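**Student:** Put together the whole structure using the sequences plus the hints.
Same order as they appear, the protein sequences are chains U and X. Numbering-wise, the first sequence is residues 1 to 359 according to the working numbering. Numbering-wise, the second sequence is residues 1 to 281 according to the working numbering.
Heads up, a few of these hints could be off.
As the list claims (entries may be wrong) - Some chain X residues near chain U, calculated using beta-carbon distances under 7 Å:
(1) Gly94
(2) Leu180
(3) Glu182
(4) Gln185
(5) Gly190
(6) Val192
Stated by the list, open to error - Calculated pairs, SDA-like style, for lysine to any residue (alpha carbon to alpha carbon, straight line, at most 20 Å):
(7) Lys149(U) - Leu180(X)
(8) Lys149(U) - Ala279(X)
(9) Lys90(U) - Pro179(X)
(10) Lys90(U) - Gln193(X)
(11) Lys276(X) - Tyr145(U)
(12) Lys90(U) - Leu180(X)
(13) Lys119(U) - Ile199(X)
(14) Lys149(U) - Ser8(X)
(15) Lys24(U) - Tyr89(U)
(16) Lys119(U) - Leu103(X)
(17) Lys90(U) - Val192(X)
(18) Lys90(U) - Lys276(X)
(19) Lys276(X) - Leu106(U)
(20) Lys193(U) - Asp181(U)
(21) Lys149(U) - Phe195(X)
(22) Lys149(U) - Ala179(U)
(23) Lys149(U) - Arg277(X)
(24) Lys119(U) - Leu180(X)
(25) Lys119(U) - Leu181(X)
(26) Lys119(U) - Val104(X)
(27) Lys276(X) - Ser148(U)
(28) Lys90(U) - Arg197(X)
(29) Lys90(U) - Leu181(X)
(30) Lys119(U) - Glu182(X)
(31) Lys119(U) - Phe195(X)
(32) Lys119(U) - Arg197(X)
(33) Lys149(U) - Gln193(X)
(34) Lys90(U) - Glu182(X)
Rather than coming from a laboratory, the hints here were simulated on the basis of the structure. These numbers come from a predicted model, not from an experiment. Quick reminder that beta carbons are idealized off the backbone N, C-alpha and C, glycines included.
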Amino acid sequence: MSASPANPPQELPAGSAALLEARKVAKRFGAVEVLKEISLNIASGEFLTLLGESGSGKTTLLRLIAGFDEPSSGEIWMSGERLDLLPPYKRRVNTVFQNYALFPHLSARDNVAYGLRVKNVPANEISGRIGDALRMVKMQDFAGYRPSKLSGGQQQRIALARALVNRPQLLLLDEPLSALDANLRKQMQSELKSLQREIGVTFLFVTHDQEEAMALSDRIALLRDGALEQVASPREIYAHPSTAYTAEFIGQTNLLRGEIRGSMVRCGALRWPLEQADGPVIFSLRPEAIRICPDGGRQTSEAAFRATVRQQFYGGSSELLEVDCGSGQTLRVRIPTRGPLTGEHDFVFSFCDAIRVQE
Amino acid sequence: MYSRAYKSLVSIPPIAWVGVLLLLPYALMFVHSLWAVREGVIVHQWNWENYKTLFTNSLYAKVLFRTMRIAASVTLCSILLGYPLAYYLAFHAGARKELLYQLVIVPLWVSYLVRGYAWKTILGSDGVLNGFLQYLHLTHEPVGFFLYSPFAVVLMLTHIYTPFVFLPIYAALEHIPRPLLEASQDLGAGSVQTFWRVILPLSMPGLLAGATFAFVLSLGDFLAPLLVGGPSGTMIANVVQSLFGAAFDWPLGAAISVGILVITISLLFLGELLEKRWAFK
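**Tutor:** Right under this line is the structure:
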């Protein structure tokens with residue numbers, strides 16, 4: 001029932017080499033299959049997000065790459081080297097933990113210094129690199145503070161500095177912003193993105209928040225029940241979701257279930273021509289792809305339907321309508337703000353905005 | 001909220017408890033230490049002679065020094081046994097954790113005296129240990145120094161106080177957030193470095209609490225030396241006991257008790273200070 005992986009092994013952005021390569025990586029905990037033979041490439045310098053609901057396996061994949069768990073089968077390669085056979089402390093990978101996991105008995109400075117000290121980096125080099133790392137996250141004034149004396153956002157910065165000071169090839173971030181309040185979260189998103197551009201380190205970011213994933217990532221890997229649902233850039237995954245699940249998970253959509261018969265799509269009250277074989281189909285039609293049609297404004301490439309406005313949700317610059325096309329078929333329509341609406345209206349959408357998706 | 005009368009009412013029992021059972025006896029003890037004994041009778045003659053004796057008579061200094069040495073040995077041995085045990089239970093025991101934990105706790109329910117006599121049976125000239133050694137032909141004669149020696153006292157007290165050291169260390173180790181250990185590995189530390197840099201510092205409050213228990217309890221122990229110590233294993237509490245008993249010199253016994261009390265309180269204070277130094281909240 002779950003979607004067949006319609007998308008082929010994930011292509012990297014043109015001209016970039018794979019830094020990390022997961023080959024058919026699976027993880028079972030007892031009888032539970034948490035990851036199902038995942039293959040995924042991460043390009044050098046890329047910001048890749050693992051997106052999924054809780055239990056989708058995104059954190060498990062991160063932990064396999066960090067080395068905290070071993071894959072049940074499959075291989076992980078990084079820079080031409082087998083990664084999954086190395087203990088975590090020998091991997092050139094560092095992690096920003098969900099609740100930061102700062103050492104409570106060490107000052108911010110000593111937390112940042114930890115990785116360098118355990119690797120016996122000379123003392124004079126350590127102090128320079130710590131200074132740079134603390135400046136990078138704007139925490140140089142808080143170097144002497146214990147973590148318990150720092151706010152959530154400040155702890156977050158120290159956790160970032162502590163990981164980046166080791167110059168990892170790959171930085172893993174496990175829902176690093178989830179413990180912050182909304183405003184701080186937005187601010188940290190922006191800082192994280194510019195930091196990543198600036199230092200050019202490859203980021204593998206885990207989140208369940210699709211907006212965050214869209215805003216930050218070069219590519220999104222959407223996980224569902226331990227399998228990759230789709231891997232693509234935010235624009236691509238939003239514009240061309242390959243499955244119904246993806247279409248609903250990323251942004252809002254109307255899923256239209258119907259059939260093709262005689263080169264004509266029939267989904268409830270909606271009808272439009274399409275040269276494809278007969279059979280049941282599902283389309284995703286984004287709310288903003290539908291507009292209210294002034295009299296006779298329909299183009300030849302557009303489908304029209306008549307519907308009654310049931311609900312109107314004001315959203316500032318735009319508003320969302322719930323419209324009833326008859327026989328219980330409800331669609332969501334996003335239109336530019338235009339004042340209260342009631343009664344029946346004509347709506348149109350382009351044929352090409354209805355994206356055919358797999359179950 | 002609560003009325004003033006109610007507040008005073010509920011504070012009576014604890015104040016009475018501390019006053020009657022703690023402060024009053026200590027006050028009596030201190031007063032006694034300033035009196036003297038003349039021809040077998042305690043006379044209420046204020047003087048510092050008992051404290052002078054305490055500092056000038058080398059016998060008391062010697063026993064006190066031995067007591068501290070035994071207490072220190074017990075503390076060290078209990079930590080050496082209790083810490084690895086607690087570490088294993090907290091991090092590696094898996095499903096066996098509950099069972100092992102109970103096995104550590106169960107001996108606490110057995111009477112101190114019974115365990116003392118058990119050691120007598122094990123260590124004596126015709127005891128289990130000597131019998132075993134002779135059976136193996138490792139020795140031909142019973143080894144005498146097992147029983148009635150400071151060694152026997154240390155052995156018995158270590159056996160008794162190891163659970164007291166184990167418990168706070170185990171609690172401290174259990175409270176270390178596991179992501180900290182992953183963070184340490186992630187930053188390049190192997191398990192040895194992780195132990196010295198993260199686990200040991202974070203378990204220090206538990207370790208100090210356990211060490212204080214073992215040291216203070218051993219310092220005032222008089223049953224172990226009585227049962228397995230012999231003359232060479234006599235500790236300061238035995239001296240106090242005999243001064244209050246056969247020797248009938250309560251004032252000197254009280255003076256020594258005050259001395260032990262001062263040492264104990266200083267140690268508890270020091271332990272508290274160090275624990276605060278190592279607390280991170």
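**Student:** Which earlier hints can't be squared with this structure?
**Tutor:** 1, 6, 14, 15, 16, 18, 21, 26, 33
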